[in-house]
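For the record, the sequence lines run as chains B and Y.
Going by the numbering used here, 366 is the number at position 366 of the first sequence; the sequence numbering is gapless.
Going by the numbering used here, 268 is the number at position 268 of the second sequence; the sequence numbering is gapless.
Everything labelled a hint here was simulated from the structure, so no lab data went into it.
Please note: incorrect hints may appear among the correct ones.
Identical copies go unnamed one by one, so any copy, or any two together, can satisfy a pair.
Derived lysine to any residue pairs resembling SDA-like cross-links, with alpha carbons at most 20 Å apart [to be verified]: (1) K41 x M1; (2) K377 x F259; (3) K338 x N122; (4) K41 x I2; (5) K26 x S359; (6) K162 x V381; (7) K275 x R23; (8) K26 x T14; (9) K17 x G27; (10) K83 x G113; (11) K335 x G229; (12) K162 x P120; (13) K261 x E362; (14) K133 x L167; (15) K88 x A109; (16) K26 x E47; (17) K41 x I311.
Just so it is clear, the structure is predicted and the values come from calculations on it, not from any experiment.
Number of protein chains: 2
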Amino acid sequence: MIYADYNGSAPLCTSVKDYLFKRLEKGPFANPNAIHYLGSKTLMGMENARAVCAKVLGADFDQVIFNSGATEGISTVFHSILKNEVNKKIIIISGIEHSAIINTANYYASERGFEVKVLPVNGDGVVDLEMLKVWIGQNKKNIAMISIMAANNETGVIQPYKEINSLCVDNGIPFLCDTTQFIGKTPFNFKESNFDYAVCSGHKLGALTGTGILLVKNPEGLCPLIIGGGQEKGHRGGTQNYLGNETLAVALNTLNEGFVKLEELSKKRNEFESKMKAAFPEVVILGENAPRLATTTYISYPGIHGQAVQIELESQDIFVTTSSACSDNMPVTSKVLKAMGVADDVGRGVVRISLCMNSPLEYYDQLTVALTSAYAKLTKVKSF
Amino acid sequence: MIYADYNGSAPLCTSVKDYLFKRLEKGPFANPNAIHYLGSKTLMGMENARAVCAKVLGADFDQVIFNSGATEGISTVFHSILKNEVNKKIIIISGIEHSAIINTANYYASERGFEVKVLPVNGDGVVDLEMLKVWIGQNKKNIAMISIMAANNETGVIQPYKEINSLCVDNGIPFLCDTTQFIGKTPFNFKESNFDYAVCSGHKLGALTGTGILLVKNPEGLCPLIIGGGQEKGHRGGTQNYLGNETLAVALNTLNEGFVKLEELSKKRNEFESKMKAAFPEVVILGENAPRLATTTYISYPGIHGQAVQIELESQDIFVTTSSACSDNMPVTSKVLKAMGVADDVGRGVVRISLCMNSPLEYYDQLTVALTSAYAKLTKVKSF
Numbered sequence: 001m002i003y004a005d006y007n008g009s010a011p012l013c014t015s016v017k018d019y020l021f022k023r024l025e026k027g028p029f030a031n032p033n034a035i036h037y038l039g040s041k042t043l044m045g046m047e048n049a050r051a052v053c054a055k056v057l058g059a060d061f062d063q064v065i066f067n068s069g070a071t072e073g074i075s076t077v078f079h080s081i082l083k084n085e086v087n088k089k090i091i092i093i094s095g096i097e098h099s100a101i102i103n104t105a106n107y108y109a110s111e112r113g114f115e116v117k118v119l120p121v122n123g124d125g126v127v128d129l130e131m132l133k134v135w136i137g138q139n140k141k142n143i144a145m146i147s148i149m150a151a152n153n154e155t156g157v158i159q160p161y162k163e164i165n166s167l168c169v170d171n172g173i174p175f176l177c178d179t180t181q182f183i184g185k186t187p188f189n190f191k192e193s194n195f196d197y198a199v200c201s202g203h204k205l206g207a208l209t210g211t212g213i214l215l216v217k218n219p220e221g222l223c224p225l226i227i228g229g230g231q232e233k234g235h236r237g238g239t240q241n242y243l244g245n246e247t248l249a250v251a252l253n254t255l256n257e258g259f260v261k262l263e264e265l266s267k268k269r270n271e272f273e274s275k276m277k278a279a280f281p282e283v284v285i286l287g288e289n290a291p292r293l294a295t296t297t298y299i300s301y302p303g304i305h306g307q308a309v310q311i312e313l314e315s316q317d318i319f320v321t322t323s324s325a326c327s328d329n330m331p332v333t334s335k336v337l338k339a340m341g342v343a344d345d346v347g348r349g350v351v352r353i354s355l356c357m358n359s360p361l362e363y364y365d366q367l368t369v370a371l372t373s374a375y376a377k378l379t380k381v382k383s384f
Numbered sequence: 001m002i003y004a005d006y007n008g009s010a011p012l013c014t015s016v017k018d019y020l021f022k023r024l025e026k027g028p029f030a031n032p033n034a035i036h037y038l039g040s041k042t043l044m045g046m047e048n049a050r051a052v053c054a055k056v057l058g059a060d061f062d063q064v065i066f067n068s069g070a071t072e073g074i075s076t077v078f079h080s081i082l083k084n085e086v087n088k089k090i091i092i093i094s095g096i097e098h099s100a101i102i103n104t105a106n107y108y109a110s111e112r113g114f115e116v117k118v119l120p121v122n123g124d125g126v127v128d129l130e131m132l133k134v135w136i137g138q139n140k141k142n143i144a145m146i147s148i149m150a151a152n153n154e155t156g157v158i159q160p161y162k163e164i165n166s167l168c169v170d171n172g173i174p175f176l177c178d179t180t181q182f183i184g185k186t187p188f189n190f191k192e193s194n195f196d197y198a199v200c201s202g203h204k205l206g207a208l209t210g211t212g213i214l215l216v217k218n219p220e221g222l223c224p225l226i227i228g229g230g231q232e233k234g235h236r237g238g239t240q241n242y243l244g245n246e247t248l249a250v251a252l253n254t255l256n257e258g259f260v261k262l263e264e265l266s267k268k269r270n271e272f273e274s275k276m277k278a279a280f281p282e283v284v285i286l287g288e289n290a291p292r293l294a295t296t297t298y299i300s301y302p303g304i305h306g307q308a309v310q311i312e313l314e315s316q317d318i319f320v321t322t323s324s325a326c327s328d329n330m331p332v333t334s335k336v337l338k339a340m341g342v343a344d345d346v347g348r349g350v351v352r353i354s355l356c357m358n359s360p361l362e363y364y365d366q367l368t369v370a371l372t373s374a375y376a377k378l379t380k381v382k383s384f
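Construct the complete structure from the given sequences, taking the supplied hints into account.
If you want it as structure tokens, here you go:
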């Protein structure tokens, strides 16, 4: 089996499994806020996990807020920035953001009267930095926040986040960088990034599902979305998910050790794409000319339904998706591809192949054979 | 070892551990929203878990919203009811609510101008139903919501939730019943309760930490706190915590089978309390004359610090707390006890002994011996 849907969700990584087998066997299980020994021990384990996460992510200990995942982090950041914002009315996002960002921004538009400006992207799926500069120049005093992702979940295209962040810092605009697809797939250092806010989800990293981290430059300015009893220094209520948080530390540590393989993986991925294009000149690699995550290939054979390719690969025990999991069930061109100006025959033909750093390089050889066979079969019954 | 802090947090129950050992070994791990086979299988497992939870809790399938815990549930309910409320300005809570309720209500008071009315309780920690009737009679058209717990986390005292719910239904007032300490400790049927909203936390039930359920009578009226990509039918965004949600089903099933032991456990608990009072006539059992959860004893020896008792018991490998985990570190009379009008010498002397339905009855014999020895030792050095 080749699991090639890491951008959708990562299976529990081996180190996390091994950790949990021991951890569940021996305990302790207790409320980390309890004064007894078991409580203190549980708390210490969790805070040790926070220290590990902080170190791997290049953040201060206090900048790591544990939560239930990136979506909660996103909702918390929007809430924190916009709750009491009455003067600045513009939210800038891009046309390729995840629906968690789009839907949250639209919520503040419809409920609170903010204006959402959607930054266009070029044909390779990179946001238009020049346009952003113009927008900031024109509306500087009226921009409440900017939220643009570090790497796209469908194409894997890496955005000019450094330049965007500099623009935000220079103009005093709060910046949320959606790093959900970035963290764990390429090295990341929160302090060096200088982002105000970054988010990640444990299930994308091989940690337990329902876990996540919100990274905050200035935690004292944070306004909790989930209020509760003062946990996470008042930033996020509710008894802490200590087991889940511990697995975040284990997973991040494992990923951190794997980054050495990135170059080789990227090379192999490029070879795979070249072979596919050589065999099928019609094939399109989305975002091909932009910097991309080493582990993502978004490939289309115009005229063949992506879902047909997905099913064909599945029959060979290879699991890919057609776009993002959230919109997977709609056999239409995804919002991301529409924003990139991709034609419908290409857009409906895509499958996303996303591996992880620890995937064997041979997977790409197997993928070459399988996808070649799928395309060869399906070109005989092209449906549109 | 006797773990006697179930009201703070339950250790992972054996059935959940066994389930996880198999589950983590064999998978599947995938995004439940992905179209491939692994995604569908993951989704089916999770929806099967929802069906089990619904059945055990006496709710419709669609009334079960998975989330990260009771605190998130509480914040979601307040948000749903109060977001667009401009006419009704009163929130009624009681003086013995968990800080998650108190802090959330106070947030809406300070940020949105709601008035929080705090219902008094009697000396046994039962809310004043007559006063509630008067308040409703006087302010009927101005009450935005009522939030009163089913059972108190410190005393275990069961509140007249049926009567409160009837008053709310009769007067068209949205009612959130904080059932965090109730569910899993005594039989509960959501439909029969007729509550608008109820909440629970997995970590109180022996499920994985960071899990929970929000039960909603009319889910279509719910407004998501965490917006995201439309998961949980749009009621709660973020990739679902399928592993955690599965453990909720396993834990609830196990607890459901344990309710037969309640009567015996309650009898044994009462014997334990009688023995302690016989040996030490100064001893006070908080909430003694009210209906209580079978597994909770909140006991005070006036003049002896609760923390000294807790440490003494801990030296005998018995783990109790002094009040709720959230306020455990403050050696003062808890808010709950203050609301009950408990004097400081009693309030500072309490320890909370909370077991679960599956605790061996013999634990109470061991607790009798241990607590007798602790009191005997500490009465020689009474500190206040």
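Cross-check of the supplied hints:
Within a single copy, K41 and M1 get their C-alpha atoms only as close as 40 Å, which misses the 20 Å cut-off; across copies the closest is 15 Å, which meets it. With identical chains, the CA atoms of K377 and F259 are never at most 20 Å apart, being 37 Å at best within one copy and 59 Å at best between copies. In the homo-oligomer, the alpha carbons of K338 and N122 lie at most 20 Å apart inside one protomer (11 Å), although the nearest pairing across protomers, at 63 Å, exceeds that limit. For the homomeric pair K41 and I2, the shortest alpha-carbon distance between copies (16 Å) is at most 20 Å, but the shortest distance inside one copy (39 Å) is not.
In the homo-oligomer, the alpha carbons of K26 and S359 lie at most 20 Å apart only across protomers (19 Å), although the nearest pairing inside one protomer, at 31 Å, exceeds that limit. Taking the shortest alpha-carbon separations for K162 and V381, neither the intra-copy value of 45 Å nor the inter-copy value of 64 Å comes in at or below 20 Å. Taking identical chains as interchangeable, the C-alpha atoms of K275 and R23 are never at most 20 Å apart, the minima being 45 Å within one chain and 38 Å between chains. For the identical chains of this complex, K26 and T14 are neighbours both inside a copy (19 Å) and across copies (12 Å), given an alpha-carbon limit of 20 Å.
In this homomeric assembly, K17 and G27 come within 20 Å of each other (Cα to Cα) both inside a single copy, at 15 Å, and across copies, at 11 Å. Taking the closest pair of Cα atoms, K83 and G113 come within 20 Å of each other both inside a single copy (12 Å) and across two copies (14 Å). Taking CA atoms no more than 20 Å apart as the test, K335 paired with G229 passes between copies only; the shortest distance there is 13 Å, against 39 Å inside one copy. Taking CA atoms no more than 20 Å apart as the test, K162 paired with P120 passes inside one copy only; the shortest distance there is 18 Å, against 56 Å between copies.
For the homomeric pair K261 and E362, the shortest alpha-carbon distance inside one copy (13 Å) is at most 20 Å, but the shortest distance between copies (57 Å) is not. Taking the shortest Cα distances, K133 and L167 sit within 20 Å of each other inside one copy (7 Å), while across copies they are farther apart (58 Å). In this assembly of identical chains, the alpha carbons of K88 and A109 lie at most 20 Å apart only when taken from the same copy (12 Å versus 25 Å across copies). In this homomeric assembly, K26 and E47 come within 20 Å of each other (Cα to Cα) only inside a single copy, at 19 Å, whereas the closest approach across copies is 30 Å.
Taking the closest pair of Cα atoms, K41 and I311 come within 20 Å of each other only across two copies (15 Å); inside a single copy the shortest separation is 48 Å, beyond that limit.
Consistency note: the structure conflicts with the earlier hints numbered 2, 6, 7.
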